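A.B. asks: Chains as they are written, first to last, in my numbering: chain L, 1 to 160; chain F, 1 to 461.
No wet-lab data here; the hints were simulated from the structure.
Source: prediction; values computed, not measured.
Every residue gets a Cβ at the ideal spot worked out from N, C-alpha and C, and that includes glycine.
Check before you lean on any hint, since a few could be wrong.
If you only want the chain F side, here are some residues facing chain L, beta carbon under 10 Å, derived [unchecked claim]:
| hint | residue |
| --- | --- |
| 1 | Val14 |
| 2 | Tyr26 |
| 3 | Gly29 |
| 4 | Ala138 |
| 5 | Pro178 |
| 6 | Val281 |
| 7 | Leu395 |
| 8 | Pro400 |
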Amino acid sequence: MNPRDPRLLLIAGGVIAAIVLFLVLRPSDDEDAATTDTVAASTGMQGETTTAAESETTTNDTTPAATPTVAEPAPTIAVTVRDGEPVGGLARATVKQGDPVTIVVDADTADEVHVHGYDLKANVAPGKPARVAFSATLAGGFEIELEEAGLHIAELAVQP
Amino acid sequence: MIPSLPLAHGIGAVRDLPVPMWLFYYGAGAALIVSFIALGALWKKPVLERHRDGRPLPPWAQRVLLGPELRIVAGAVGFGLFVLVLLTGAFGEYSSATNIAPTFVYVVFWLGLVPVVVLFGNVFSVLSPWKAAADAAAWLGGRLGVSFPAASRYPERLGRWPAALGLFAFAVLELCYPNSASPRAVALAVAVYSWATWVGMALYGREAWHRSGEAFNVYFGLLSRIGPVGVVERDGRRTVVVRMPLSGLAGADRIAGTIAFLTVMLGSVAFDGFSRTTWWVDRLFDIESKVVTDSVLLSDLVTTAVNLVGLFAAVAVVAGIYLLAVAGARAAVHRRDALRNDDFALSLVPIALAYAVAHYFSLLVLQGQAAWFMISDPFGYGWDLFGTATFEPNLAAIKPNQVWYVQVAALVTGHVLGLVIAHDRAVSIFRSPGAALRTQYAMLVLMVAYTVGGLWLLSNG
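Chain L extracted, bound-state conformation:
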């Protein structure tokens, strides 16, 4: 094929334009995000659940040597369920991968709070809110549901 073929020049120009556009638009911190490895797979399933006891706080941090925090952190997501629906609509929160997450659910019925993907469960009853604390090791979008009622109450987005 003739190297001077205008079509080839056009294609080459397009490829260069596509690469330049990618380099220009791509955020610089993307490399860091890409290096978080599949460690999440093994640790992601081991988050702990506790049914709210006042003083009890369970937080596993990502750094292996981390000591459990003493102060009770403000919940990442707090939902109140009344009459079969979350007050104020679906609760949503976005965290970075590796961040500690605390979900507190207060409901007027007895049910089970279920965090999908992490597959964490905690019982909830009227006057006894459920508290689920874990480390967001697995990236993605996750539904939080009242299992018995099949009620979608919150969504957690874990950004890589």
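We have chain L already, so just place chain F on it with the hints.
C.D. replies: Chain F in isolation, oriented as in the chain L frame:
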């Protein structure tokens, strides 16, 4: 530990994160760049159409692939899995986390077969439990001296309309009905669809219905035409050929209902994306809270109805954009009779594949793993038939940023392939390259609309 699956919102424990804005702009920019290259660099005479007939495989391969033995074996496998889905769905544990039926239908069958048919041709044609059962019944009838002649010939104007309706019904079950992952719902839907299929086969003949009326065979058949393996029929003789990828989509396809089928294909995936946007979730939530009832059935019915409106609107928008683009192409050549509406229909097939890859690739990879442990315990009774029951899916097998790149790459690639097919068709219809090019401005706008629309849906989680 087995990850539990939400019953309420289909299957899949990990959802895709929205594509970041910078990648959205990149995808849109890349689509524009490749479009202009396509306008300038593509061939002036049809290339795909010339290669449509392909090269036949050697005679022994024809005998194996088209022979009765393969049909019997594949049909038995297909029918066996069909019975498994019916039994597990109807009698197994009531949970999509342990019962194989929902995962098998929505993931293994519906998503898993897609790459297979694109690479190896429409294998579903021989796996189809409906066709296999009908063939077996006809054979048995023949031996007993009973024949079941079709009540009438398959009407030409019916074309792919029944298949489009079947696909739409499947989308309603999967995307509109809030309990779509319920094993009972799956079993019931399979039973109803089987009944409809066998009635269709009894009325119009099993081959004719299988070819144009049965939604899944039409679906996998159209997708397989992207790939290199196909079956060419000439003078009643079928030949398996290997051909240039995409050439199976070249030339005219005049079967009625093709546009309808393809727009349902595209529109349903678009609605799946749209129904996950914050906007739609909140609207649905508003409506649901206004019609608070104690009846689960009634509230499910309301949700289904609202989603149905959304699904229908998505299909109508996709179809409307397409018809508008063809009208634009027609106006560009100043001849009303120069183009038929379905002349560029097949260029939608790669776009539909791209939408499916972008939306379901991660679901196939993540949820597909669940089939591995479920097959050891399909009913969820605690069996371990093949020793895989304790297999733990790796939910971090693909990272969200890898999913994003696959999604954007799929949409931009589908965009290019759609343009290539439309272009090949245009230079085949119009002798003058200038006229062909003028029609392609409209097609280019169409493809950009589909691609940017698809990217927008992916970036608005």
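A.B. asks: All hints are to be evaluated individually against the structure, with a verdict given for each.
C.D. replies: Now for the hints, and whether the structure bears them out:
Below 10 Å, beta-carbon pairs count as interface contacts, and Val14 of chain F has one with chain L at about 4 Å; its hint therefore holds. A hinted interface residue such as Tyr26 of chain F counts as satisfied when its beta carbon comes closer than 10 Å to some beta carbon of chain L; here the least separation is about 5 Å, so the hint holds. Look at Gly29 of chain F: its Cβ gets to within about 5 Å of chain L, closer than 10 Å, so that hint holds up. A least Cβ separation of about 44 Å between Ala138 of chain F and chain L goes past the 10 Å threshold, and the interface hint is therefore violated.
At its closest, the beta carbon of Pro178 of chain F sits 8 Å from a beta carbon of chain L; the interface hint therefore holds under the 10 Å criterion. Interface restraint check for Val281 of chain F: the shortest CB-CB distance to chain L comes to about 6 Å, inside 10 Å, so the restraint holds. Evaluation of the Leu395 of chain F hint against chain L yields a held restraint, the C-beta minimum of about 6 Å falling below 10 Å. Satisfaction of the interface hint for Pro400 of chain F is found here, the shortest Cβ-Cβ separation to chain L being roughly 5 Å, below the 10 Å cut-off.
In the structure shown, a violation is registered for the earlier hint numbered 4 alone.
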